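Enquirer: Chains as they are written, first to last, in UniProt numbering: chain A, 1 to 440; chain B, 1 to 440; chain C, 1 to 440; chain D, 1 to 440.
Any given hint could be a false lead.
Facing chain B, according to a computed beta carbon distance under 7 Å, are these residues of chain A, among others [as the list claims (entries may be wrong)]:
hint, residue
1, Phe58
2, Thr60
3, Val257
4, Ser261
5, Ile262
6, Gly263
7, Pro275
8, Asp283
9, Ser306
10, Thr314
11, Ser316
12, Asp320
13, Gln341
14, Ile344
15, Thr368
16, Asn421
Hints were generated in silico from the structure; no laboratory data involved.
From a predicted model like this one, the values you see are computed outputs, not experimental measurements.
The C-beta atom is built at its ideal place from N, Cα and C for all residues, glycine as well.
4 protein chains.
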Amino acid sequence: MASSIASKLFLGAPTTNGSTSRIGSPASDIRKLPSSTLQLPVRPRSKKLQIQAAGNTFGTYFRVTTSGESHGGDVGCTIDGCPPRLPLSESDLQTDLDRRRPGQSRITTPRKETDTCQITSGIYEGLTTGTPIKVTVPNTDQRGHDYKEMSIAYRPSHADATYDMKYGIRAVQGGGRSSARETIGRVAAGAVAKKILKQYAGTEVIAYVSQVHNVELPEGVVDHETLTLEEIESNIVRCPDPEYAEKMIAAIDVIRVRGDSIGGVVTCIVRNAPPGLGSPVFDKLEAELAKAVMSLPATKGFEFGSGFKGTFLTGSEHNDEFYVDELGRIRTRTNRSGGIQGGISNGEIINMRVAFKPTATIGRKQNTVTREKKEIELIARGRHDPCVVPRAVPMVEAMVALVLVDQLMAHHAQCNLFPVNPDLQEPVKVPRHSPAEIQS
Amino acid sequence: MASSIASKLFLGAPTTNGSTSRIGSPASDIRKLPSSTLQLPVRPRSKKLQIQAAGNTFGTYFRVTTSGESHGGDVGCTIDGCPPRLPLSESDLQTDLDRRRPGQSRITTPRKETDTCQITSGIYEGLTTGTPIKVTVPNTDQRGHDYKEMSIAYRPSHADATYDMKYGIRAVQGGGRSSARETIGRVAAGAVAKKILKQYAGTEVIAYVSQVHNVELPEGVVDHETLTLEEIESNIVRCPDPEYAEKMIAAIDVIRVRGDSIGGVVTCIVRNAPPGLGSPVFDKLEAELAKAVMSLPATKGFEFGSGFKGTFLTGSEHNDEFYVDELGRIRTRTNRSGGIQGGISNGEIINMRVAFKPTATIGRKQNTVTREKKEIELIARGRHDPCVVPRAVPMVEAMVALVLVDQLMAHHAQCNLFPVNPDLQEPVKVPRHSPAEIQS
Amino acid sequence: MASSIASKLFLGAPTTNGSTSRIGSPASDIRKLPSSTLQLPVRPRSKKLQIQAAGNTFGTYFRVTTSGESHGGDVGCTIDGCPPRLPLSESDLQTDLDRRRPGQSRITTPRKETDTCQITSGIYEGLTTGTPIKVTVPNTDQRGHDYKEMSIAYRPSHADATYDMKYGIRAVQGGGRSSARETIGRVAAGAVAKKILKQYAGTEVIAYVSQVHNVELPEGVVDHETLTLEEIESNIVRCPDPEYAEKMIAAIDVIRVRGDSIGGVVTCIVRNAPPGLGSPVFDKLEAELAKAVMSLPATKGFEFGSGFKGTFLTGSEHNDEFYVDELGRIRTRTNRSGGIQGGISNGEIINMRVAFKPTATIGRKQNTVTREKKEIELIARGRHDPCVVPRAVPMVEAMVALVLVDQLMAHHAQCNLFPVNPDLQEPVKVPRHSPAEIQS
Amino acid sequence: MASSIASKLFLGAPTTNGSTSRIGSPASDIRKLPSSTLQLPVRPRSKKLQIQAAGNTFGTYFRVTTSGESHGGDVGCTIDGCPPRLPLSESDLQTDLDRRRPGQSRITTPRKETDTCQITSGIYEGLTTGTPIKVTVPNTDQRGHDYKEMSIAYRPSHADATYDMKYGIRAVQGGGRSSARETIGRVAAGAVAKKILKQYAGTEVIAYVSQVHNVELPEGVVDHETLTLEEIESNIVRCPDPEYAEKMIAAIDVIRVRGDSIGGVVTCIVRNAPPGLGSPVFDKLEAELAKAVMSLPATKGFEFGSGFKGTFLTGSEHNDEFYVDELGRIRTRTNRSGGIQGGISNGEIINMRVAFKPTATIGRKQNTVTREKKEIELIARGRHDPCVVPRAVPMVEAMVALVLVDQLMAHHAQCNLFPVNPDLQEPVKVPRHSPAEIQS
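In isolation and in its complexed conformation, chain A is listed as follows (with noise of 0.2 Å):
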């Protein structure tokens, strides 16, 4: 079939009816041809076709490598650079990681996985030495499914194409969904960020879900002075609002049960953020962390503070206005900055979004080719998120988290190895807001 231009639509779907895309249409794509239908199994069935994620490094001065994949025997994390004599145990990690993990509610993929974490080295005696801190978590659910088929068609908007165009290899049957695994090394390391953070500044990193699908958390119901870890995790969604959360739940499972997928929106907040943090020009602190967050699977955009809607504004409507606090500290009225000016922090409160597709890999029929490029009909089976974003909160704490430790180790390398000048810079352990009881 020639390829047609007027197919192709750039960013992304019109309407929310969803009846946009001619070929993908549930009405078009159940077509009849089983001879070349496959039934293809979520998850692989035999060892002998292991899937390789990859285990690259993030950050300058507190580095983070994960490794590890989905079928072999763990996944995890080094941390290199920690600050030493930080208080750490496990369970510091595993709050952020049953967070995370699957099967945690109905609303996520059913894998069982209890994604217990063990460090075994970097702590003695209950405080880090210094030394790289390292993080395995086994993988205990691997059902070994027959993986023979997907090794043959490639997934609609998954890793599988992509990988053998870059490497030239048949052997990368699952990348994009080892890459759900492949977050627990971040959210581990994203745990101790969260610690130094908290610990050095009362500085606080939380996320909830601020859009599934069509049901959109109206601006202003959630306070985000006052926002607590508690409220957020009340319910299985991790919207902070209890109505808007039951709606979101519905509309999850509506589509959960009709084997489709949704996505959806994470809003991203950080209260009590050292003033001066990121850096001029390549390094400004809005740049670190888009390139953060939409590291992460499935994501397609990142806005912060007015975004995508402050294009709609005059400058006289954008700005924010100076003033004096009752505390003498120079704030800012409104924050349509998002708390970063000049790419580095001003002390408000920096806020962010980031949005979701719809998880790739769904229980229907698609049109489809095979390696050797013969099209094909394909149905996934098995396990699936059906919309990836309540799980993936504590994933987007953790990416924001390890950039503001770096920009801090940066910044306290640079600005903090002489005495400070206290006319113009803050001391710090100052909190600049109500800091809310998050993982005391």
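Dock chains B, C and D against the given chain A, drawing on the hints supplied.
Expert: Only chains B, C and D this time, still in chain A's reference frame:
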């Protein structure tokens, strides 16, 4: 005045009528307080108060370090790692520098600079030598304004305050603004990157203005398969549709005479990007692109492919089905992936949208504070861009091109060291899309 | 006891009779102070006192992160950026791991480890996939010694004291020694690097022992054009000359029974290195090599080409004159440049020498202090290498190979992106030197 | 002429009489072959043949990018990451630039340059601002010689041939030599680094000439506890001992009139280095120092502490015993460790020796080949350093200081983010060694 939580808006201005901000609305901020009102010139008057621009480095293989500042003698960049024997001259760079320079039309800042560049090393007899390329652009229009007030009061939503918070020294009056001139080095380096991409695989990086304030170019008006640089450059606002271009220019003219400013959106596409660029995990192609463009001044958001709108689709609507095209290549019928799957380019058109806020410097009275923490009103006088978006077009192209060349070299080093696998990997230099006539 | 400036010797022991050190001489340090004498076991007895090994990253394009520690469950490395489709299996790595492992002969530490490696990701059906390669070597001989005294007293010339000075925590008892086991990850990664070099251009990295204590192999005894791995591996000390090998082994035997230790020199050559590797200015090839080998434990010096002896020549004696060889290639008649000119390889044999000090852990009484700053005497008991040099041979090869692959990839990315200039650049894969039969 | 293995000397000239090289000996290389003899001027005559200097970046946290070239308008550097509010002016840099500049005495090259530097950004009212510091030194003595022959024939032991092999373009005539001028940027940045070190902890970096050709300063003549800059600068060869200085100067004078060149050794010490600098594994302090100094032009070897001589000691002779000094600090009686144990500074004096080969450019006839692979004789005419070692002194100091500041910032970021442990870690700013009067 005490901090008011209610006045803190998150993710900005809800509707497009612009009247949401209680404090920042035009009616309320022109209070008469003559004794504490500053007349703030936009540009400095004295060489004694120097502005320091930052000069960091971008890229790993193809490394660009920008340097210089608005008020020093010159600005420019050093490009490290450029392939040798590439035909290159100043005119290759000047085209894009002319698209970026101030004073190019009535809708840009009237600062007069020809921005004529000079290559002082790294070129011999019209060919790159492989050693660093140094590009210099002299500053010619430095008015020497008096910047005394500026050194006292923080301009709202500028980098003034955060530079002081970070560095503890009252010298960096115009961080944010000086960044505008800093982008010269980026645009020059980006022109080199674009030339490499064009020569290597016919890859084209093309950006245009798709929104100015409330004027939005509807989807589908621009055909990304055939879009040309000429269409974009046919008008001063750089929107390829003449009708919408007129509306955008009119919108800027209105705001310009009022001394206010507006923002907008730049759309950027990459045609004939080689498949296989980008890396799994932290260095995904979309993550690198997000960081690159979010490091430009005044950016507030980034999305690619289906973007934020994609969150309103189901998986079955969103997935891009594969097919085999008439040349035997694996393609996708739709492109909600935006040319990137699993963090790696798939050969389809890469597309993205970047949000720019309205310019912070405006010719209207605003409330602010001095560095001595005294509340004050100020009016910035002088020259500024009423809408930065038309000049941002070559900046976005430059950052995107820098990412692509860096990733191309990373890919070449790892995956082309040994012969490719022709069954799965595509030989380069076969453009997938009809190449438009760009920078021949 | 007061500090005595006079006792501080710089650049060590002048003559080879070893009697220069007033305090450290055997006669003076065996004073009888039983009440404060510690019996220091060389290896830990308790799992409660854990030793933390560091796990940093080496390389820019071919990146190796080592991890694990002597007393944890395993050691190993993660290799990021390896070219895909390289034939690779555990046996490729095991050869070098066996050359490095303890207990391989009577002149190495009697710790018993088979050091059997396992590749748990990055390989599929005998080929590398392009994603990270994870190599694990389990620790099997952990005796669980009591390390209580060690946690109190600083062992002279170990990392004990400096780890405490840096990290401020009393946990890292055996930094220096644990590093010995840390090199497993280096050697494993180096074996992969050597395979790439061999396959790419017939490049061979070969090291051997050229000095043990006072036994020095004279220049000219070994012919670097024809030297083979077999010659080196024909004896337990890894000196290719049988006669000198015997003398070296005898020297080690003498010192071994006395519980003392000796050092020596490892010479390393690179045959058929592609011309053009290395970069001008900071990343010169010799600078990268120097850093690489000087990061190995116990190294004290590095020289290449004419080395320190070259300082005794005049320019006219030292310069390597060019000529054209029988195959029409530009060569040098002599090789005082050591295969590197202007920081870039010239195709001649790269050669270097690395000095290793005598092992710090000895079975003799030494004066030291406790962490509570009490002066004390201690005797380390147990197992140690009387001379680390024979086992250092594969370590040096590994570090040199890692540098070369990293530089090869950097060079390939920059200079081979476009077709080479055949007039000046040499096509790869034409070995200049007769290749020996190494790791076929 | 066929390749002769026998003529390949490894690790250079055996004895100090200098007559080992069959081909390169003075007697044999002045053969009369007028038809193919080139008169090679040392400096270029035409601006058309430009020399490209490289401009890479050194350091991770304190980053220096040097730029410019011998024949462009200027040379210099950009320093990124400098702590803010450091008092700094051009005169701080000029002292070291004057020690490096050509024409400073009869034993250096007669090229006349004042090397007057200008800081064009990063300083405001005498204080660093935290943003990049740009240092520029104009070139004034460019004679514009004709470089035509040079563009044809490869100068022996220069970078001429390897640049062509790497880049495949015949433009880089004088890589090696242009590097000499490139070091201006290093020395300028090093002066900033030295000022930071001095201010932070009274740390001093001091180098001197300890060998010129056969004239070796015996150990013990210089007391490193009390050595001053004044002693070193009291003579033109920079040897603190007047008697040996005279001998060295005489040796240079002899070789200078013969148009030949000689090499030597620079010794460098660091006094009052804070304990704790450096990292375990790959980034050991000695590894970073080795890379830094081995990136200087003409270096052939590096050793620290006991160095190569330490290989002749036994462990019981070599180990540095600990004691507690009168101020209650843990010290070592001897310093064969060279101030570094386990890759981390221990507070003792860091010491190292760097070998420099004789300058490659000599005024004597040499055999070489043209770029067209024709064998030829050439004589370089004009100006060169008969012995580069006196001018290398500030270069070595600069590279060592850059490493230390980079490591200091890394250490401060990681280990001083939270309060130190006073039991094990030393508060900074307590000099261990009597500070000499250096660059007050």
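Enquirer: Confirm or reject each hint.
Expert: How the hints compare with the structure:
no. : hint   : result
1   : Phe58  : 4 Å, holds
2   : Thr60  : 12 Å, violated
3   : Val257 : 13 Å, violated
4   : Ser261 : 3 Å, holds
5   : Ile262 : 6 Å, holds
6   : Gly263 : 4 Å, holds
7   : Pro275 : 4 Å, holds
8   : Asp283 : 6 Å, holds
9   : Ser306 : 3 Å, holds
10  : Thr314 : 5 Å, holds
11  : Ser316 : 5 Å, holds
12  : Asp320 : 5 Å, holds
13  : Gln341 : 5 Å, holds
14  : Ile344 : 4 Å, holds
15  : Thr368 : 4 Å, holds
16  : Asn421 : 3 Å, holds
Of the numbered hints stated above, those contradicted by the structure are hints 2 and 3, listed in ascending order.
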